[in-house]
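**Q** So the protein lines, in turn, are chains A and B.
Start counting the first sequence at 1; every next residue gets the next number (full-length UniProt numbering).
Start counting the second sequence at 1; every next residue gets the next number (full-length UniProt numbering).
Everything labelled a hint here was simulated from the structure, so no lab data went into it.
A few of these clues could be false.
A pair counts as met if it fits within one copy or between any two copies, since identical chains are not told apart.
What the hints assert, rightly or not - In silico DSBU-like cross-links for lysine-lysine, where the CA-CA straight-line distance does not exceed 35 Å:
1. Lys175 / Lys37
2. Lys226 / Lys146
3. Lys78 / Lys137
4. Lys91 / Lys243
5. Lys91 / Lys175
6. Lys146 / Lys33
7. Lys78 / Lys5
8. Lys167 / Lys137
9. Lys78 / Lys167
Number of protein chains: 2
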Amino acid sequence: MTRYKLTIAYDGAKFHGFQRQNELRTVQGVLEKALAKMTKGQHVDVIGSGRTDAGVHAFGQVIHFDYPGNMPAENMLKAVNSLMPLDVIVKQSEIVDENFHARFGVKKKTYEYRVDCGHYTDPFKRFYTGHYPYTFKVEPIQVAIKDLLGTHDFTSFAASGGVIEDKVRTIYDAKVEYRADQNELVFQFTGNGFLYNMVRILVATLLEIGNGRRDEHDLLRLFEVKDRQEARGTAPASGLYLKEVFY
Amino acid sequence: MTRYKLTIAYDGAKFHGFQRQNELRTVQGVLEKALAKMTKGQHVDVIGSGRTDAGVHAFGQVIHFDYPGNMPAENMLKAVNSLMPLDVIVKQSEIVDENFHARFGVKKKTYEYRVDCGHYTDPFKRFYTGHYPYTFKVEPIQVAIKDLLGTHDFTSFAASGGVIEDKVRTIYDAKVEYRADQNELVFQFTGNGFLYNMVRILVATLLEIGNGRRDEHDLLRLFEVKDRQEARGTAPASGLYLKEVFY
């Protein structure tokens, strides 16, 4: 058996998320189906760095799996790509030792979130951005986003129903820029881990700060109150991209 | 009756083209359905500046129609948009006099064609670009494209089966640029009219010139021979955008 680490990109619009789910079309599902074809029927378990929800995209999701035989990494890339649908692509392939684990080995992750700021929904962006057609200023968001840096309890920013007890995470980098040519706000967050829906809740809250409906330093208050009801909104899946995973 | 001129954008990926076709989902079809809802069942005939094929997009398609009553132009825009699916948007609306005709009044049109030059198919571009994974140089294409300027017989560049006798068209502007940040070649053509598949055949031929498989001035030869077999390829619909229509 040889362990392969693959970096993949996918357009999440037509997937029911990353994780395998019986009859539904998922990223893990199409990968495992392709690998089973290559092994002539033997199941190969694909491990991802983490799940992504339905509609969420990836520029750089990382997976690993153990494959019978020892095909060169470049051949594995070509073989898997030849069996992928057009909305998934393998970008990099390497052979790793058995200590590498796509999920447990994650040191940090970077997520991007794109928000279209146009008055109307742009037909070309409906699957690839969130949409905020209200007035906002970028400066308060830029001030607020710096409050994320460091280690905080993100209880207010975790979807209810999660089973994870420890809601403390460390954010290493967080920034936002307005791209005039696209009329988009682009957020980027790098941290040691992210709770379920955390990025999407953060974006919704930051947009309310930009709109003037919340104080510039409301994130600090939300860290304190530890109450999901106080953060309210969740930005849609369509704007979210898993950009890079670091080991 | 009041005549309205609307400028619309659409993502053509999920449409069977512009033109109404019984049960199939078309742009004209969804527009006429919306207008019939607004008139409580009365059919309103929508006239476009021209058809676009299945998969072809528009940033600025123009339509006109005669509507009972005299709603302000801005209300028409809002009313139609409230009934549009997310892949169509009305960008502008104006009231015009009965001499305006979206098809017969066209003076010139601009088409854009986007080609992704990546080695593999980009999951995010599969519906929005053509794809040319082969080597090419931009300079020969830039030289060749200037041969299009002026008035020529485009018989070699018209899909066979067309019923139009006169294949002479005038091109006012034609250019190409390589956008490094997107790894895309972007073509733009402005002319007084375009034959069926003409832009897509021109792009396929220009790419062969960039690849060195044709002489830099092969377009001049193709104008002379008037033979569709000599131009061969047709770039896919996914890269084509009707950008602007001039009256």
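**Q** Determine for every hint whether it applies to the structure shown.
**A** Results for each hint:
| no. | hint | verdict |
| --- | --- | --- |
| 1 | Lys175 / Lys37 | neither (43 Å within a copy, 45 Å between copies) |
| 2 | Lys226 / Lys146 | within (19 Å within a copy, 64 Å between copies) |
| 3 | Lys78 / Lys137 | between (46 Å within a copy, 26 Å between copies) |
| 4 | Lys91 / Lys243 | both (13 Å within a copy, 32 Å between copies) |
| 5 | Lys91 / Lys175 | both (26 Å within a copy, 32 Å between copies) |
| 6 | Lys146 / Lys33 | neither (43 Å within a copy, 49 Å between copies) |
| 7 | Lys78 / Lys5 | within (14 Å within a copy, 50 Å between copies) |
| 8 | Lys167 / Lys137 | within (30 Å within a copy, 53 Å between copies) |
| 9 | Lys78 / Lys167 | neither (40 Å within a copy, 44 Å between copies) |
Checked against the numbered hints above, the structure breaks hints 1, 6 and 9 and satisfies the rest.
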